[in-house]
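Visitor: Each chain, letter by letter, is given below.
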Amino acid sequence: MAIAREAEPVGSLSEVREAGLDREDLLGIYRNMLITRGIEERGHILYKQGKIPGSFYTGRGNEASSVGVATAMSADDVGTPLHRDMGVHVTRGVEPWRIFAQYMGRADGPTKGKDGNVHMADSNLGLLAMVSHLPAMLPVAVGCALAFRIREERRVAVGWFGEGASARGDAHEAMNLAGVRRLPVVFICDNNQWAYSTPTHLEYACETLADRAQAYGFEGVVVDGTDVLAVYREVKRAIEKAREGGGPTLIESMTLRMEGHAVHDDAFYVPKELFEEWARRDPIERYRSWLRDNADLSDSEEDEIAAGVKRLLADAIQRADESSLPDPSTLADGVYATSEELDTPHHK
Amino acid sequence: MATDTAIEVVMPQMGVSVSEGTITKWLKQEGEEVAADEPLLEISTDKVDTEVPSPGTGTVQQILVQEGETVDVGTKLAVIGSGAAAPAAEEAPPDPATQPAADASAAAAEAETDMPTPQAPPAEPPTPAAPAPSADGGREANGDGPSFVSPVVARIASEHGVDPGHVPGTGRGGRVTKKDILSFIESGAPARTPAPEAPTEAPAPAQPAPAAPAPAPAAQAPPTPTPAPAPAPVEAGAGEQVEAMNAMRRGIAEHMRRSLDTAAHVTSAIEVDLSRVVAIREKLKPEFQKSYGVNPTYLIFVARAVAETLRDYPWINGEIRDDRIVTRNYVNLGFAVELAEGKGLIVPVVKSAESLNLLGMARAVTDIAERARNKQLTPDEVQGGTFTITNPGGYGTFHGTPIISQPQSAILGTYALVKRPWVVQDEHGKDVIAIRPIMNITLTYDHRLVDGALAGRFLQSLRQKLESWGETEY
Amino acid sequence: MAEKTYLQAISDGLRQEMRRDKRVFVIGEDVGVYGGAFKVTLGFQEEFGPWRVIDSPLSETAIVGGCTGAAIMGMRPVAEMQFADFISCAWDQLVTVSAKQRYRAGTPVPIVVRLPSGGGFSGGPFHSQNPESSFAHIPGLKCVCPATPEDAKGLLVSAIEDPNPVLYFEHKHLYRRIKAEVPDERYTTPIGKARIHRGGDDVSVITWGAMVYTADEAAQQLENDGVSVEIVDLRTVLPWDKAAVLESARKTSKVLVLHEDTHTGGFGAEIAATIAEEAFEDLDAPIKRVTAPDTPVPFSPPLEKAFIPQVDDVVAGLRDLAEY
Chain A
1 MAIAREAEPV
11 GSLSEVREAG
21 LDREDLLGIY
31 RNMLITRGIE
41 ERGHILYKQG
51 KIPGSFYTGR
61 GNEASSVGVA
71 TAMSADDVGT
81 PLHRDMGVHV
91 TRGVEPWRIF
101 AQYMGRADGP
111 TKGKDGNVHM
121 ADSNLGLLAM
131 VSHLPAMLPV
141 AVGCALAFRI
151 REERRVAVGW
161 FGEGASARGD
171 AHEAMNLAGV
181 RRLPVVFICD
191 NNQWAYSTPT
201 HLEYACETLA
211 DRAQAYGFEG
221 VVVDGTDVLA
231 VYREVKRAIE
241 KAREGGGPTL
251 IESMTLRMEG
261 HAVHDDAFYV
271 PKELFEEWAR
281 RDPIERYRSW
291 LRDNADLSDS
301 EEDEIAAGVK
311 RLLADAIQRA
321 DESSLPDPST
331 LADGVYATSE
341 ELDTPHHK
Chain B
1 MATDTAIEVV
11 MPQMGVSVSE
21 GTITKWLKQE
31 GEEVAADEPL
41 LEISTDKVDT
51 EVPSPGTGTV
61 QQILVQEGET
71 VDVGTKLAVI
81 GSGAAAPAAE
91 EAPPDPATQP
101 AADASAAAAE
111 AETDMPTPQA
121 PPAEPPTPAA
131 PAPSADGGRE
141 ANGDGPSFVS
151 PVVARIASEH
161 GVDPGHVPGT
171 GRGGRVTKKD
181 ILSFIESGAP
191 ARTPAPEAPT
201 EAPAPAQPAP
211 AAPAPAPAAQ
221 APPTPTPAPA
231 PAPVEAGAGE
241 QVEAMNAMRR
251 GIAEHMRRSL
261 DTAAHVTSAI
271 EVDLSRVVAI
281 REKLKPEFQK
291 SYGVNPTYLI
301 FVARAVAETL
311 RDYPWINGEI
321 RDDRIVTRNY
331 VNLGFAVELA
341 EGKGLIVPVV
351 KSAESLNLLG
361 MARAVTDIAE
371 RARNKQLTPD
381 EVQGGTFTIT
391 NPGGYGTFHG
401 TPIISQPQSA
411 ILGTYALVKR
421 PWVVQDEHGK
431 DVIAIRPIMN
441 ITLTYDHRLV
451 DGALAGRFLQ
461 SLRQKLESWG
471 ETEY
Chain C
1 MAEKTYLQAI
11 SDGLRQEMRR
21 DKRVFVIGED
31 VGVYGGAFKV
41 TLGFQEEFGP
51 WRVIDSPLSE
61 TAIVGGCTGA
71 AIMGMRPVAE
81 MQFADFISCA
91 WDQLVTVSAK
101 QRYRAGTPVP
111 IVVRLPSGGG
121 FSGGPFHSQN
131 PESSFAHIPG
141 LKCVCPATPE
151 DAKGLLVSAI
161 EDPNPVLYFE
171 HKHLYRRIKA
181 EVPDERYTTP
191 IGKARIHRGG
201 DDVSVITWGA
211 MVYTADEAAQ
221 QLENDGVSVE
231 IVDLRTVLPW
241 DKAAVLESAR
251 KTSKVLVLHE
261 DTHTGGFGAE
271 IAATIAEEAF
281 EDLDAPIKRV
291 TAPDTPVPFS
301 PPLEKAFIPQ
311 VDDVVAGLRD
321 LAEY
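First to last, the sequence lines map onto chains A, B and C. Our numbering applies: residue 1 is where the first sequence begins, and numbers increase by one. Our numbering applies: residue 1 is where the second sequence begins, and numbers increase by one. Our numbering applies: residue 1 is where the third sequence begins, and numbers increase by one.
For the record, the hints were derived by calculation from the structure and aren't laboratory data. Keep in mind that this is a model prediction, so the values were computed, not measured. Ideal Cβ placement from N, Cα and C applies to all residues, glycine included. Do not take every clue at face value.
[Claimed, not checked] Computed beta-carbon distance windows for the label pairs:
1) B/Glu20 <-> A/Ser298: 44 to 54 Å
2) A/Thr338 <-> B/Arg371: 44 to 54 Å
3) A/Ser324 <-> B/Ala36: 18 to 28 Å
4) B/Asn246 <-> C/Tyr187: 39 to 49 Å
5) B/Arg371 <-> A/Leu325: 18 to 28 Å
6) B/Glu20 <-> A/Glu276: 30 to 40 Å
7) B/Ala36 <-> A/Pro328: 24 to 34 Å
[Unchecked claim] The list that follows gives simulated cross-link-like pairs (lysine-lysine, DSS-like), each with its CA atoms no further than 25 Å apart:
8) B/Lys179 <-> C/Lys288
9) A/Lys51 <-> B/Lys25
10) B/Lys179 <-> C/Lys251
11) B/Lys47 <-> A/Lys51
Using the sequences provided together with the hints, build the complete structure.
Guide: What follows is the structure in structure tokens.
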């Protein structure tokens, strides 16, 4: 029997206004979701054209969740997004050309070619780059919150993990420490129902993962991850609670991973009906309808936004493609930090 | 990936552990149009089957891999172009080679395998007789004859020209230790420890001398470490930068040195009036470009003339092997090609050049020069040359003394074609000044085999051909 | 200047840094109320409060991962592993995240992880290990192993100052056994520089940690026999002072590498290989290693004694080299 609270879907524009979003914000959210999907779709093509080395992961179907969470964060908050959360990078302001440069292993990508696909983050934008060992960044997010707590700063850390990664000790240890010390951290579980080819019933035995929050001493909430405004509302609430010293919250965002684990996986193990059902709940389409019904989104506005996004991404790809590959002589650069590098906004 | 006209389609890597893919279906055929991102073909890999979107817009010019074939990731599958079918031939600039015509790649290969050649003269114990001190002198302490010499002792011994065999050893089993040899050297006393008399003691300085004639490390130790010891790494002084030599550079260095040490290099030069060649070339050039896509450069004309002339001068196309002279009934003509950014040079060879006419020579040289620059030469194509032409004149120089490419006996250098005031005869047989295109050509030859007179006659014959080039002589 | 034990030197160094810099904080199991399993942080929580001396849940992952996040956010955390052996529980956070963060994400991670290491008191397999060689293999980390009280304080201060993740191996068996003069004021001991513990001409011993004292006793015995032994205390295992080691090797031409860690793949192998590569012609004898054998650390005293290199083992090795 589930313990966690299930979030309400979002209704009207006035409700949204209460949550602090005006019409411009709403359109901005829409645009960010389009950019997110656009980047991943084009990246997918580039990968098949042999222009992106290694492997390629997308978060198709997670646009509402990632953009919703990031929109609820303040500028001073920090986060450790994962590979399905491209929307977080986009919303926080990472330029698309840099994202393509990162995919293509160019020197101008955020990791200068040292790491690939979505293992990137601009720490100036308050984001920490993920690693492959999931959810190793969760204790790190808790560590950020620990720093805020020690310094008594009104900042919040957001840590992401998937339902698959929830099975590892890092998730438990991170949430436990956060709960014990009532640290200002919000945990986002991207539950997209498949960890590679492993379905949820082989990953955990409780009814929802949000139920586990109680075991750590804080609240768990389940939200429809395809409803960007509902995600926004819940996360905003949790972040403000943490900011005021109310401790952590675990928000489980339900979606379906609409593509394979990576581009090389065609997800044959996912029942076709499931894809069909969730395709009807496509987050972008859903939000677009809501905007038309509740915020008077017009055809011309819609077209303008779409055209703008298309141009942005075309330019981004070109710029990234023209940028150079890293010089092999830079291989050994940066293994160790120097003291001067600690002179960043964070490190003061 | 994309050149001005051609875009390559390659086999993508569908997953980190995937190394190959199979083409299951071409969705477009040669000659068909395709738009960027439009599905072009379908592939199957270990992990997944998928479509491959076209990387660009244009016409499918060439399909290089067929349905059903499996190739490695990264293999070129097709070419998409935006225009003419065949790629237009590019100007084949006369290969501006630098002086030396070393067979860099072969040399590079050599350099890779063996250690630097300078062997110290094999260590011969400078005849035990030399050190007069009684034969048993130094050996007394050594229990049973030659024992192990450690690296440090071997080095100290070689640095001081001392034979460890003559040093009393106090190490295990009578081994000569570092201490032993150091005190031996310090005390200046060779042989024997106690042994009074020592008739030969007197000439103290003689010690090192008899022990070692100059260099010979004279280590009895069979393992001749020696050359291997990489000297201490070169340190950069103030204002200096130090970089390592790559394999090609080391190969070139070795070859050049060896060539100079082997052949007796002499250079003769001759000035050639190329006005006829210039005129003929003017006529031929457009036709060659249009019909054959090659540029008949001056180098080509010279090469053609050289190949013919060599027929009459087999020794210049020949080789000294041991103490025999080897000549051939073919000419394998090497052309020195400079690699991009001065990274080195390579000498691809046109085999049986004597059988090529002007067009054939133009084609052959254009082809190997391009493939040399794109690193597409096969090992076979850089071996077996019998004569080499180098063209440093691309930079405007008018003379030079190239180094012969071993084991050949000569190398021809062509230089800048310069308009000069030239003395010629008018129709009355009077001397007048005309402006003529003059090229200096050198022959550097191995005087062990080729004498000056022979070289001179060769050059004269070459000049004669070039100056009387007939319109019908292709 | 005052005479302090090795443990007191560490404690003092840490306290001084916490007083000087608000960003420094300590986190570990039982470090607060209890003062730490070995009492290194005794009295700290009273002085600095519960948010700078944090009693963590039993979770090395949360400790090291938490330190990583806090360091990226500008703090200077000093984590305490209750025993060096437990670092394996935090291996992922250390090796996957903190070691690689600077290189691939441009973000420095200035953390220190204190590791009470070493055996000699029947601690058994899980309380006696010297795991420095595993971490010496990870680019991005630094590993220091002080042997003297003076170096213990100086290296801790340097470790806290260093903008990279530093593993600080404090040998438990030295805590209270070794006393020496330690300057009262703040000073740093450079990371990456060895120290000549004892000068000599005939044989070099390269070692670190508690083995420095074992080597010293052995050297004394050989001195009586007319053999002069030089002891090089590495002090830092990563990055190690190659120049100092090679200099000593070239001087004596006979080298013995000594460590308490097990034999195969122990850090001595790296040292021996490097000397063979770069000082081949200066060797008058093969390079010798004296180490623990390839077994887990045994519990019962006679077994442990056979495991840990003893003075006699070192003496025998030195004699062997001297006579070669």
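Visitor: Please flag the earlier hints that this structure goes against, numbers listed from lowest up.
Guide: Every hint satisfied by this model.
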